[in-house]
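Construct the complete structure from the given sequences, taking the supplied hints into account.
2 protein chains.
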Amino acid sequence: MITVYGYSPSGNCHKLRVLLTQLKRPFTWIEIDSAHGATRTAEYLAKNPNGKVPMIDVDGRIMTESNAILYWLAEGTPYFQGDSWERAQTMAWMFFEQYSHEPYVAVARFICGWTPLDSPRRADLPKLRERGYQALGVMEKHLAQNAWFSGKNYGIADIALYAYTHCADDGGFDLSRFPSLVQWLARVRATPDFVDMPRYADENIALIAQSK
Amino acid sequence: MITVYGYSPSGNCHKLRVLLTQLKRPFTWIEIDSAHGATRTAEYLAKNPNGKVPMIDVDGRIMTESNAILYWLAEGTPYFQGDSWERAQTMAWMFFEQYSHEPYVAVARFICGWTPLDSPRRADLPKLRERGYQALGVMEKHLAQNAWFSGKNYGIADIALYAYTHCADDGGFDLSRFPSLVQWLARVRATPDFVDMPRYADENIALIAQSK
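Chains as they are written, first to last, in the numbering used here: chain A, 1 to 212; chain B, 1 to 212.
The hints are simulated quantities; they were obtained by calculation from the structure and are not laboratory data.
Just to be clear, a hint being listed does not mean it is correct.
Claimed, not checked - Label-pair ranges, simulated between beta-carbon atoms:
{"id": "1", "chain 1": "B", "residue 1": "Ala-147", "chain 2": "A", "residue 2": "Ala-46", "range": "19 to 27 Å"}
{"id": "2", "chain 1": "B", "residue 1": "Gly-82", "chain 2": "A", "residue 2": "Lys-212", "range": "42 to 50 Å"}
{"id": "3", "chain 1": "A", "residue 1": "Leu-45", "chain 2": "B", "residue 2": "Trp-85", "range": "19 to 27 Å"}
Said to hold, decoys possible - Straight line, CA to CA, 27 Å or less: simulated DSS-like cross-link-like pairs of lysine-lysine:
{"id": "4", "chain 1": "B", "residue 1": "Lys-127", "chain 2": "A", "residue 2": "Lys-47"}
{"id": "5", "chain 1": "A", "residue 1": "Lys-24", "chain 2": "A", "residue 2": "Lys-152"}
{"id": "6", "chain 1": "B", "residue 1": "Lys-127", "chain 2": "B", "residue 2": "Lys-141"}
{"id": "7", "chain 1": "A", "residue 1": "Lys-127", "chain 2": "B", "residue 2": "Lys-47"}
{"id": "8", "chain 1": "B", "residue 1": "Lys-152", "chain 2": "A", "residue 2": "Lys-47"}
{"id": "9", "chain 1": "A", "residue 1": "Lys-47", "chain 2": "B", "residue 2": "Lys-141"}
{"id": "10", "chain 1": "A", "residue 1": "Lys-141", "chain 2": "A", "residue 2": "Lys-127"}
{"id": "11", "chain 1": "A", "residue 1": "Lys-212", "chain 2": "A", "residue 2": "Lys-127"}
{"id": "12", "chain 1": "A", "residue 1": "Lys-141", "chain 2": "A", "residue 2": "Lys-152"}
{"id": "13", "chain 1": "B", "residue 1": "Lys-141", "chain 2": "B", "residue 2": "Lys-152"}
{"id": "14", "chain 1": "B", "residue 1": "Lys-47", "chain 2": "A", "residue 2": "Lys-152"}
{"id": "15", "chain 1": "B", "residue 1": "Lys-127", "chain 2": "A", "residue 2": "Lys-127"}
{"id": "16", "chain 1": "B", "residue 1": "Lys-152", "chain 2": "B", "residue 2": "Lys-24"}
{"id": "17", "chain 1": "B", "residue 1": "Lys-212", "chain 2": "B", "residue 2": "Lys-127"}
{"id": "18", "chain 1": "B", "residue 1": "Lys-47", "chain 2": "A", "residue 2": "Lys-141"}
Unchecked claim - Okay, the calculated bits of chain A under chain B, using three or more residues with CB under 8 Å as the criterion:
{"id": "19", "stretch": "70-79"}
{"id": "20", "stretch": "95-106"}
All values derive from a computational prediction rather than experimental measurement.
Glycine residues also receive a C-beta, built at the ideal position from the N, C-alpha and C atoms.
The following block contains the structure:
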């Protein structure tokens, strides 16, 4: 049995909800409010010393890192296909997501929706947006010639990159600059059994609106 | 035939030199001075729009992202072993390396050795060191009970984490606080055909010394 410890508005956590649903694998979701310190309790840190979500518990064994969990879930399924070169290219996009995309696109969104309007972190937004736009530009270039990030078919690199790209607007990114990317987002949403991110709390929706 | 485009003092690039040497796979190394803009030329960006090293060219096909390249090289070899859970745990450590370790431990080292003594980026060092020490602490906790990061044996997660941990001192980290980690570094160095990072340029060695 798989238990996911996750914060629903987190793109990293939502990746697991998408793949588990598409794989039709039953799971229990335990909501962990990482924005309010729930990953920093002694109980949580005993399971995951790195203090982050998501984390899964599979019959008492713990795994962390959203993209490693996607890899574990997808091995041997249609969501991780191709020869060894193609599978490694899928992994390359997942490392790109964690290194060159998430620290900018996701963090800008977090600052806009999850920090007070007078937070000193808001001074970081211009730099985060510059780097985030670079990452979105790299995606656009790929999508101008390819339908997916996971080889010939939709798969785990698409799930990983969709996670924070689909809500990049929350962080002040204008996705209309990237037409191929906008079409890809729609293709991802149209895959069988795709599931949307749950609605955020009113507080976060209000902060995002006030940040624009 | 494998051609590596890499900057020798880069830990991310050195990962490939280590694994290719240990696998006894012939390769050509093309030195790319990423610290002086060589990844931002039109020619380089045409091959890798993300403008980073390392990159490999295998018979005209390009792959980027150091840890994805390690995965591609290691599949089916003793450097990526175990059942699907263990292999995914190896991947989890590689994602940890890129998300929670490299952006702090490697970036602190870069600032100390590759930016002028009056660089405004040096103001970031205290925060980078705080986060870097957190990552080293997570590694120490694992190593207190496990010999390796790649399942039961030495493998690609060890190569990935060694890359910037072994030279963390360059960035002002005191590794003597982490006894299990120091022993693990020695175990990595003692693996068959292990190869050290080449000596840095005098300029960088001098900057590191003056940063202490």
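Quick rundown of the hints versus the structure:
At roughly 22 Å, the beta-carbon separation of Ala-147 of chain B and Ala-46 of chain A lies within the given 19 to 27 Å, and the hint holds. As the Cβ distance of Gly-82 of chain B to Lys-212 of chain A is approximately 48 Å, the hint placing it in 42 to 50 Å holds. Under the hint 19 to 27 Å, the C-beta atoms of Leu-45 of chain A and Trp-85 of chain B, about 22 Å apart, fit the expected range. Straight-line distance between C-alpha atoms of Lys-127 of chain B and Lys-47 of chain A comes to about 25 Å, which keeps the hinted pair within the 27 Å bound.
Simply put, Lys-24 of chain A and Lys-152 of chain A have alpha-carbon atoms about 22 Å apart, close enough for the 27 Å limit, and the pair holds. Proposed proximity of Lys-127 of chain B and Lys-141 of chain B is supported: the alpha carbons are some 21 Å apart, at most 27 Å. At roughly 25 Å between alpha-carbon atoms, Lys-127 of chain A and Lys-47 of chain B fall within 27 Å of each other, so this suggested pair holds. Between Lys-152 of chain B and Lys-47 of chain A, the direct Cα distance comes to roughly 20 Å. Compliance with the 27 Å bound is thereby established for this hinted pair.
With a C-alpha separation of about 12 Å, the suggested pair Lys-47 of chain A and Lys-141 of chain B falls inside the 27 Å cut-off, and the hint holds. Distance hint between Lys-141 of chain A and Lys-127 of chain A is fulfilled; the C-alpha atoms sit about 22 Å from each other, no more than 27 Å. Restraint check: the Cα-Cα separation between Lys-212 of chain A and Lys-127 of chain A comes to about 16 Å, which is no more than 27 Å; the hinted pair holds. Between Lys-141 of chain A and Lys-152 of chain A, the direct Cα distance comes to roughly 16 Å. Compliance with the 27 Å bound is thereby established for this hinted pair.
Taking the CA atoms of Lys-141 of chain B and Lys-152 of chain B, the gap is about 16 Å. The hint holds against a cut of 27 Å. Between Lys-47 of chain B and Lys-152 of chain A the CA atoms are separated by roughly 20 Å; this keeps the pair inside 27 Å, and the hint holds. At most 27 Å may separate the alpha-carbon atoms for a hinted pair to count; Lys-127 of chain B and Lys-127 of chain A meet this at roughly 17 Å. For a cut-off of 27 Å, the pair hint linking Lys-152 of chain B to Lys-24 of chain B stands: about 22 Å separates their Cα positions.
Taking the CA atoms of Lys-212 of chain B and Lys-127 of chain B, the gap is near 16 Å; set against the 27 Å cutoff, the hint holds. For the suggested pair Lys-47 of chain B and Lys-141 of chain A, the alpha carbons sit about 12 Å apart, so the restraint of at most 27 Å is met. Under the rule that three or more residues need a Cβ within less than 8 Å of chain B, the assignment of the stretch 70-79 of chain A holds, with 4 such residues. Requiring three or more residues with a Cβ within less than 8 Å of a Cβ of chain B, the coverage given for the stretch 95-106 of chain A holds, as 7 such residues are present.
In this structure, none of the earlier numbered hints is contradicted; all agree with it.
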